[in-house]
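Participant: Spelled out from the first residue to the last, the chains are:
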Amino acid sequence: MSEMPEKPINTKVIRELLDSNNGARIRSWLSICAHCGLCAESCFFYLAKNKDPKLSPAYKVKATLGELYRRKGNVDRAFLEKCYNIIWGECTTCKRCSLYCPFGIDIATMIATVRGICHSQGIVPEGLARTSENYKNTGNQMGMSVEDFIDTCSWMAEETAEEIAGLDIPVDKPGARIMYTVNAREPMYYPQDMAMAAKIFTVAEESWTIPSTGWDCTNLAMFAGNRALAGQIVKNMYEKALELGVQYIAITECGHAYRSALFEGPYLAGYRDGKPPVPVIHSVRLFYEYLRDGRIKIDPEKMITEPVTYQDPCNVSRNGGLWAEGREIVKYLAKDFRDMTPKSVYNHCCGGGGGFIPMGAEFKKRRMESGKIKAEQIRATGAKIVIAPCHNCFDQIRDLGKEYDLGIKVVSFKELITEMMIIPEKFQPVEAKDEDDE
Amino acid sequence: MNNLYTFLSGPALWAAFIIFIGGLGLRVAFLFGLSLERDRVFYNHADAGWGFRSILHWLIPLGSVSLREQPFFAVAFYVFHVCLLAVPLFLLAHNILWREAFGISLPSMADSVSDILTIVFIIAALVLLLRRFMRPEVRILTSAWDYVLLLLSALPFVTGFLAYHQVGPYRVMMIAHILSAEVLLVVIPFSKLAHMVLFFFSRAFIGFEMGQRRGARTW
Amino acid sequence: MKYAKILPVILLLVAFVPLAFSQDSLIVMQAKEFGKLERAAVTFNHEKHSANMECLQCHHDYDAYLNNRGGEGQPCATCHTVAGKPGVPALREAFHNQCKTCHAALSARGKQSGPLTCGECHIQK
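If you read the protein sequences in the order shown, they are chains B, U and L. Counting from 1, one number per residue, gives the positions in the first sequence under the working numbering. Counting from 1, one number per residue, gives the positions in the second sequence under the working numbering. Counting from 1, one number per residue, gives the positions in the third sequence under the working numbering.
Next up, chain B with everything else stripped away, as it sits in the complex (with noise of 0.2 Å):
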């Protein structure tokens, strides 16, 4: 938890955001459930724990939003910390139960209500904390100052081009068709995330610009309980992308982007119609589309042999409405696929969404006691190679891979796709060509 003055608690702003929170789906939800446990089974920390019941979704939003409005916002800071840990340190809003509950109620969007309402008291995990300032100071998670992105985009740019002839990484390109955007870890720590995605793009001929601003599509805002800071977030992106005259927004292999660019943005951002004004596409999406019209050809020398087993991220499968896409990818680059069970829209999350893994180390035990459930899906698997368009997912695979020694490698699409893709005559560079004559 973020070290704030113990300042006391204001009830009168709990009240406020809990009375412009009841509106007709939250009163019924809270109203009607009828406390029949159905739910308790489709959730992973529930099931990871032993079964603990408090573990249960209906239990997490009755000791938290339930006791709220029953006690009308007249809470201690010993209660929000109740909260805390129990929305940030048990739930990772991944939104199965609510398709296992009978009413459909979703119990996401509540926890993210109680999430704003411990935000609004500065009770906020550490590492969500800290990249709020980040966003507020330089637009990204990781407090980049524009002219490091840029000077990164034309580094990865020149590095690049000496593996494929003509690639460049285009900035504020007017009129583009797509605008990438990308999770504030590539240009920071993993530069080589934004080279082959230009690869990819300029194989497959694409018409593309990164923007100089908006260009971090993630938004742990939206995980912080920072409705606010959260929409002006989405806002930057929008707006750039309607200055650019872009087609679509295109989301780099990142969950919770898309989930916030497409699907909570525009309401975080105050859309009435909850739509965003440019369309919003996913890597996912964009690669499967590459492949089935034959922009991108793999070489089926390349295709991988090893047991090879795909995890469906919350917010691109269940929440994103992209488990078909994601496999058909895989066929193009694997032989032995194997499914995890549960799978697609049922999928269980990895343990490090919903902000889990920026929330570091005070949550590293419980995410890997909660990821017992996808480690024991991958291992009944056999797999070796575990694909996962998703950081959060690939961070967190990886982190349970060692922890129950699991003997796989995570790996990105980007990364299988850039390895094995046919480089077309055109694009060879001209060093490479002699090295072949020889």
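Bear in mind the hints are in silico, worked out from the structure with no lab data behind them. Quick reminder that beta carbons are idealized off the backbone N, C-alpha and C, glycines included. Be aware that a few hints might be false.
For the chain B half of the interface with chain U, some residues (derived, Cβ under 7 Å), not all of them [unchecked claim]: (1) 23; (2) 24; (3) 28; (4) 37; (5) 56; (6) 66; (7) 89; (8) 100; (9) 102; (10) 271; (11) 272; (12) 273; (13) 318; (14) 321; (15) 343; (16) 345.
Mimicking BS3-like on lysine-lysine, the simulated pairs with C-alpha atoms at most 27 Å apart in a straight line are [unchecked claim]: (17) B/331 / B/365; (18) U/192 / B/51; (19) U/192 / B/62; (20) U/192 / B/54; (21) B/402 / B/62; (22) B/72 / U/192.
Label-pair ranges, simulated between beta-carbon atoms [claimed, not checked]: (23) U/49 / B/71: 32 to 42 Å; (24) B/41 / U/10: 43 to 53 Å; (25) B/41 / L/102: 22 to 32 Å; (26) B/133 / U/37: 28 to 38 Å; (27) L/47 / U/12: 33 to 43 Å; (28) U/10 / B/76: 47 to 57 Å; (29) L/97 / U/89: 22 to 32 Å; (30) U/49 / L/102: 54 to 64 Å; (31) U/99 / B/74: 49 to 59 Å; (32) L/25 / U/151: 39 to 49 Å; (33) B/82 / U/130: 22 to 32 Å; (34) L/57 / U/99: 20 to 30 Å; (35) U/37 / L/97: 51 to 61 Å.
Start from chain B and add chains U and L according to the hints.
Facilitator: Only chains U and L this time, still in chain B's reference frame:
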């Protein structure tokens, strides 16, 4: 005792029905009014096909993944709800009374069928009661009010069953039967039992919120 | 001759005896037209009812203008069929109308009355 019976089966019953239907109507109207401003998400993504399929899959037995994973309880839930609606609606004696009072009635079942369904209902209610009591993940959610509502739902059936078989003091049983049913009707709009109407809205919402927006099935 | 005068009187009385006993005081209302009954058959106390009300009220015969021309003591099933006919209530409704409706009406006027609930007439043995 005749006076009490006349009162309960006359004015009190009218009052109960008016509160029941009026209360549910008012609750839905209130929520509708609230939703226009605060729940745009409900209207922005509304889609009849996804909403209807979401409801349908939860109405048919084992139509949803959640219930398929717990088939024993799924059957208990299903039987409980079907009998809860079917027995009072299609009971011969009730229909005779409606015919006398309003000149119209529904088709009715033979008393022997109602009798079996009542027993089945009581068994299902007991299963739910035991489940509520014995499964930790259900018990932790359960308050005294949940037990009261379950017992209140079952009471008209138990008293009706005993009255039909004329076990115990008949008039007392009859009055208990009518009274408990009226209390149940009055309580429905103001409790979680309002799910008999609100289920359709909440289930449809998640159906199209996940379906229309993401193509994801919620059953 | 004295006996000769009394004899016709005695004969007359004797002749009326079967008539007086042709109605049981308790009748089990088990119209064969119903076949198997849903509920226990009602035991009807004819004596008690005939002592307190007009025969014609039950043994009615309405003309087209709903004037009760009075019946001749036929059982209900003579006219009322199980299925019912236009303008003639079905047999079960006829029974319920006669018994329950009357009991309810009397009860509403605060008079002594018979049972209103199902099981008080359809008593299980």
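Participant: State for each hint whether it applies.
Facilitator: Cross-check of the supplied hints:
Checking residue 23 of chain B against chain U by beta carbon gives a least distance of about 3 Å; that is within 7 Å, so the hint holds. Nearest Cβ of chain U to the Cβ of residue 24 of chain B: about 4 Å, under the 7 Å cut. The hint holds. At a threshold of 7 Å, the smallest CB-CB gap from residue 28 of chain B to chain U is about 5 Å, leaving the interface hint in force. With a least beta-carbon distance of about 4 Å to chain U, the hint placing residue 37 of chain B at the interface is held under the 7 Å criterion.
The criterion of a C-beta within 7 Å of any C-beta in chain U is met by residue 56 of chain B, whose closest approach is roughly 5 Å, and the hint holds. A least Cβ separation of about 10 Å between residue 66 of chain B and chain U goes past the 7 Å threshold, and the interface hint is therefore violated. For residue 89 of chain B, the interface hint is violated, since its Cβ never comes within 7 Å of a Cβ in chain U; the closest pair sits about 18 Å apart. Residue-level restraint check for residue 100 of chain B holds (minimum Cβ-Cβ distance to chain U is 4 Å; threshold 7 Å).
Of the supplied interface hints, the one on residue 102 of chain B holds, with its beta-carbon coming within about 6 Å of a beta-carbon of chain U, less than 7 Å. The closest approach between the C-beta of residue 271 of chain B and any C-beta of chain U is roughly 9 Å, which is over the 7 Å cut-off, so the hint fails. Taking 7 Å as the C-beta contact cut-off toward chain U, the hint placing residue 272 of chain B at the interface holds, the least distance being around 6 Å. This hint holds: residue 273 of chain B has a C-beta 6 Å from the nearest C-beta of chain U, less than the 7 Å allowed.
Interface restraint check: residue 318 of chain B against chain U, minimum CB-CB distance 6 Å, threshold 7 Å, status holds. This hint holds: residue 321 of chain B has a C-beta 4 Å from the nearest C-beta of chain U, less than the 7 Å allowed. The restraint placing residue 343 of chain B at the interface with chain U is violated, with a minimum CB-CB distance near 12 Å, outside the 7 Å limit. Taking 7 Å as the C-beta contact cut-off toward chain U, the hint placing residue 345 of chain B at the interface holds, the least distance being around 5 Å.
In summary, the hint linking residue 331 of chain B to residue 365 of chain B is not supported, as the alpha carbons are separated by about 35 Å, beyond the 27 Å threshold. Annotation: proposed proximity of residue 192 of chain U to residue 51 of chain B holds, straight-line Cα distance about 26 Å (limit 27 Å). Restraint check for residue 192 of chain U and residue 62 of chain B: the C-alpha separation of about 14 Å stays at or below 27 Å, so the hint holds. Our distance criterion of 27 Å between C-alpha atoms is met by residue 192 of chain U and residue 54 of chain B, whose separation comes to about 21 Å.
Simply put, residue 402 of chain B and residue 62 of chain B have alpha-carbon atoms about 35 Å apart, too far for the 27 Å limit, and the pair is violated. With a C-alpha separation of about 19 Å, the suggested pairing of residue 72 of chain B with residue 192 of chain U holds against the 27 Å cut-off. Look at residue 49 of chain U against residue 71 of chain B: about 41 Å separates their beta carbons, and that is inside 32 to 42 Å. About 48 Å separates the C-beta atoms of residue 41 of chain B and residue 10 of chain U, a value consistent with the hinted range of 43 to 53 Å.
Take residue 41 of chain B and residue 102 of chain L: their Cβ atoms lie about 59 Å apart, and the range 22 to 32 Å is violated. The supplied range of 28 to 38 Å is met by residue 133 of chain B and residue 37 of chain U, whose beta-carbon atoms lie about 33 Å from each other. At about 36 Å, the beta-carbon gap between residue 47 of chain L and residue 12 of chain U stays in the expected band of 33 to 43 Å. Taking the beta carbon of each, residue 10 of chain U and residue 76 of chain B are about 52 Å apart, inside 47 to 57 Å as hinted.
Between residue 97 of chain L and residue 89 of chain U the Cβ separation comes to about 24 Å, which falls inside the hinted range of 22 to 32 Å. At about 56 Å, the CB distance of residue 49 of chain U to residue 102 of chain L agrees with the hint of 54 to 64 Å. Our hint of 49 to 59 Å for residue 99 of chain U and residue 74 of chain B holds, since their Cβ atoms are close to 54 Å apart. The supplied range of 39 to 49 Å is met by residue 25 of chain L and residue 151 of chain U, whose beta-carbon atoms lie about 46 Å from each other.
For the pair residue 82 of chain B and residue 130 of chain U, the supplied restraint of 22 to 32 Å holds, since their beta-carbon distance comes to about 31 Å. A beta carbon spacing of about 22 Å between residue 57 of chain L and residue 99 of chain U agrees with the range 20 to 30 Å that was offered as a hint. Between residue 37 of chain U and residue 97 of chain L the Cβ separation comes to about 54 Å, which falls inside the hinted range of 51 to 61 Å.
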